[in-house]
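Participant: Model the placement of chain B on the given structure of chain A, informed by the hints.
There are 2 protein chains.
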Amino acid sequence: MNHKESLTIYTSSFIEQLYQSGVKRAVISPGSRSTPLAYLLEAHPHIQTFVNVDERSAAFYALGMAKASQEPVAIVCTSGTAAANYFPAVVEARYARVPLVVLTADRPHELRDNGAPQAIDQINLFGKHAKWFYDMPLPESDTNILQYTGRIAAKAAAKSITSPKGPVHLNFPFREPLSPDLSKYREMKSYTSVFGAEKQLSSHHVSQLTDQVNNASKGLIIAGPSEDDSAVEAILYLAEVTGYPVLADPLSGLRTNMENHKHVIECYDAFLREDELKKQLSADIVIRFGGMPVSKALSQYLKGNSSGQWLIDEGADWRDPTSSATSYIEANDRLFAEQLASAVTVRADQEWLDKWISYNQKATGEIRQYIDQEKDEGAAVGTLLQSLPEGAHLVAGNSMPIRDVDTFWIRGMKKIHVWANRGANGIDGVVSTALGIASVKAEPVYLLIGDLSMFHDLNGLLVTKQYSNQLQIIIMNNNGGGIFSFLPQASEPEHFETLFGTPPSLDFKHAAKLYSLDYIRCESKEELQQAMTHHHDQVNMIEVITDREENTAAHRILWERIATALRGE
Amino acid sequence: MNHKESLTIYTSSFIEQLYQSGVKRAVISPGSRSTPLAYLLEAHPHIQTFVNVDERSAAFYALGMAKASQEPVAIVCTSGTAAANYFPAVVEARYARVPLVVLTADRPHELRDNGAPQAIDQINLFGKHAKWFYDMPLPESDTNILQYTGRIAAKAAAKSITSPKGPVHLNFPFREPLSPDLSKYREMKSYTSVFGAEKQLSSHHVSQLTDQVNNASKGLIIAGPSEDDSAVEAILYLAEVTGYPVLADPLSGLRTNMENHKHVIECYDAFLREDELKKQLSADIVIRFGGMPVSKALSQYLKGNSSGQWLIDEGADWRDPTSSATSYIEANDRLFAEQLASAVTVRADQEWLDKWISYNQKATGEIRQYIDQEKDEGAAVGTLLQSLPEGAHLVAGNSMPIRDVDTFWIRGMKKIHVWANRGANGIDGVVSTALGIASVKAEPVYLLIGDLSMFHDLNGLLVTKQYSNQLQIIIMNNNGGGIFSFLPQASEPEHFETLFGTPPSLDFKHAAKLYSLDYIRCESKEELQQAMTHHHDQVNMIEVITDREENTAAHRILWERIATALRGE
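Line by line, the protein sequences give chains A and B.
Using the numbering used here, the first residue of the first sequence is number 1, and each one after it goes up by one.
Using the numbering used here, the first residue of the second sequence is number 1001, and each one after it goes up by one.
Looking at chain A on its own, in the form it has when it is part of the complex:
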């Protein structure tokens, strides 16, 4: 068999097994060395392919697709710094637990470590940030090699979706010539299936833990960020059975339907700020699911709470920055919540739950009034949340947007779904992540993003020229790094504006023109409300001009008002 045939059969059988293992989407960045993978993915009858030139954006685009679909997504690039550009998204995927299958093309072994052009050391390129790395064998059509590489494809896909989900990296050595023969596309005879299981605690362990719950009258459930909402119902049920309030992070999936669940507390960030209140709300036991919540106030509350604290995490990453967990429960969230709920026999004090609900109601009232009356960025975010249609997806940028969503997403609004990159909390790659989510979801998708974060991933917009995405981008432009104004550094004016404010002074109207997007500029929340009615069947850019200092001051007033209202309890 000649080189071209071997190359084709080897690569196509790998791709076919990848598809059989659940990879239905691939994001390809143009390059020469990666030709066999690119051509044969493109030629595959069922895999959906997307071309994205900037590899940094491409990887975040795939990340968004993988988040939204909960399926592994492949990314393909050529050798050299192309692969290095994947690093930020690989890191995010590792910590946010998103299944990415990274396929990098490489020079064959005889062109490595000898100064060949565009050849870098790609072995373990992403270090510990890839869950698994494998350097593929050279293309051959020998049955052993084909079976072996088929297994590698199945293993890569399986590893990416095994808890904790994450990125895997396969590196392919390809010799020239690189063009496959599309007529030799491989039909495989057999595929490898993988049956993954979830971790379930023994009944012995469950009964030990149940005793603790039965003896705790002031229990609290915390639902932190999770990419996967399969445990949402089970956690809500556990709350009902135990009578515990659930503090629901905006990324937990529990706020979506909070209207129907009175146990869900969404305003804790606004009222867990004063020592006196925190003391009143001190819990006997805290049962924490998911990653560390967005709220800094909550994290400080947890640090101060000396009670028992359980951390449930099948991924066993011990995500406990306050070092306050007393028990690590390395089991599946849903299974554990179900097990515990069926074993518990004693309900918590009604008074305890009522107090949380009452504080939450008061805070909700203050926040609602704030959204109506104020003019700052926070009020604008509240207005945006009120304007979203039922079922909408909102992707929130890091720094201020996700914090504002945490504060202003309260009951009384329509059911929405919130997304953010909270693995490493970067401001990079957010535009591409949102476009990736939009390419998977049928419901309308919105992106709320700061100007620096928008700038960082402007390149992500290139795909809007090729694919008919629908995305409403709302840029909160305070001309710089708004979050820094909340830091102590802001009180030292020397060097502050140069180093932290970093006003980019960008008029995004021109960026919109570059990518042929409709652009609307808003000077107030009323104009934003109006802009939200613009036709939604395309990508639109809505820029909201806000003021950093006004924003900082107004947020502080809100927290003060809530504290005053609750002090009156």
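Heads up, a few of these hints could be off.
Stated by the list, open to error - Computed beta-carbon distance windows for the label pairs:
#1 A:N2 x B:T1498: 23 to 31 angstroms
#2 A:Q200 x B:D1142: 45 to 53 angstroms
#3 A:H3 x B:K1375: 36 to 44 angstroms
#4 A:D354 x B:D1142: 49 to 57 angstroms
Simulated from the structure, these hints should not be mistaken for lab results.
Backbone N, C-alpha and C define an ideal beta-carbon position, used for all residues, glycine too.
Facilitator: Frame of chain A, contents of chain B only:
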């Protein structure tokens, strides 16, 4: 001593030693955790600081400064994916041998590996691509710690400039609060000095090698890409003494003054293409300096040449993708060229040198005529080269630009200096690299770049809003990946345009507006010539519209014409 004072003294004494060790420039990306480094670098009386929001661009900006100054440049960012965005430039710096001192802020040890926000595993983050990594101790004002970290600063700078030069990475754990006390800036009492030496061959080895040269009548010197032009004079002198022609890569530094050196051969890429000619020009001995040349024709010639081939490389990276070197000489280029030149006693055949010079002259003539008569991208690049003022710096993008400069930079033009990122040959980060070079060089700087590469690093332009750089950007816009049209893949039209042509259809006029740059659109080389007279005291964007297919066809005709002319010899 309190936390703030310790933090200040620790960080400032580190920075002061870094300055004493030769770091005069720092590129800072905004972030909170990196506050101590950012503030104290900004407050340093002599270190020049630059703020650059996108860390990917920031690192390439610093890379450009380090290339142009041949001094180590520091880059500073916060924790998380910010640091991961440095990866492409770190990889480029590693292979291109550019001294970067990467300073990343990190969470303190008690906030690592426990799910703290924006905390990722930064230990050995860049793997083998950093020459050296060190995880710093926590800030303390204890004399032992201060002396120790001073030594680390000196060592980091020294390692970055020791052959092979490259990137080093220091990771700083900082606890909150992060603001230093600027009044406590540390004046150190003593500094560490480093005396690095160059590798010189023993006289015994030199005389062994000299015998081979004395016995070789058909010798050839090849000067490949080098970031450092300290060996240029010595190599030219070696050529004169031996009577060998020198094939001078555009990045070798040897073409700058080729007018005065008849041994310098610049058109080899155009005529080393036919088997018959290559056979006629077969050498007895090849002495190769620097990295692998840009020319693929030359690399194929070297592969086919079965004679002795020496590779001089103090960095000992064995950069020999054709595996044709017979001797590796791990010595300093300049010292070795000088040693050999003073030992050699026999000159090569005059006929041998004359043949190369005659072929080169014929090719030069054809190329000059081509620049005059043709209308393609190549002729436009030739026109650009003819229009550059004496002493100008030209930064050439990868893919087509550097290859076209290789082909069309011939004697008869003014003295210019050419730069490119040929470590990993990426199309990423080129704009920022050029801006970094422009911020160091007093002479006018030009950037020749393709549209995909321009797009990839559009974010690099943000610094033009803050710093008064002067740079003339010439974009060759063929609406996609022009180089791919030269590959065999281009002959398979199915999927080709989607996967390789990748037409971004961008009108860079809007990008120019976004960054407030003057913009000129050219439809012909005559319009380009005219645009080159636009005022130069700012950053300008000149877009040249070209055609990919016309370009490929025209280049092939040129090579054919030259082959025909030489066949007549």
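Participant: Please go over all the hints and tell whether each is borne out by the structure.
Facilitator: Results of checking the hints against the structure:
For the pair A:N2 and B:T1498, the supplied restraint of 23 to 31 angstroms holds, since their beta-carbon distance comes to about 26 angstroms. A:Q200 and B:D1142 have their C-beta atoms about 51 angstroms apart, which keeps the hinted 45 to 53 angstroms range intact. A C-beta distance of roughly 38 angstroms is found between A:H3 and B:K1375, which places it inside the suggested range of 36 to 44 angstroms. Under the hint 49 to 57 angstroms, the C-beta atoms of A:D354 and B:D1142, about 54 angstroms apart, fit the expected range.
When each numbered hint is compared with the structure, no violation occurs for any of them.
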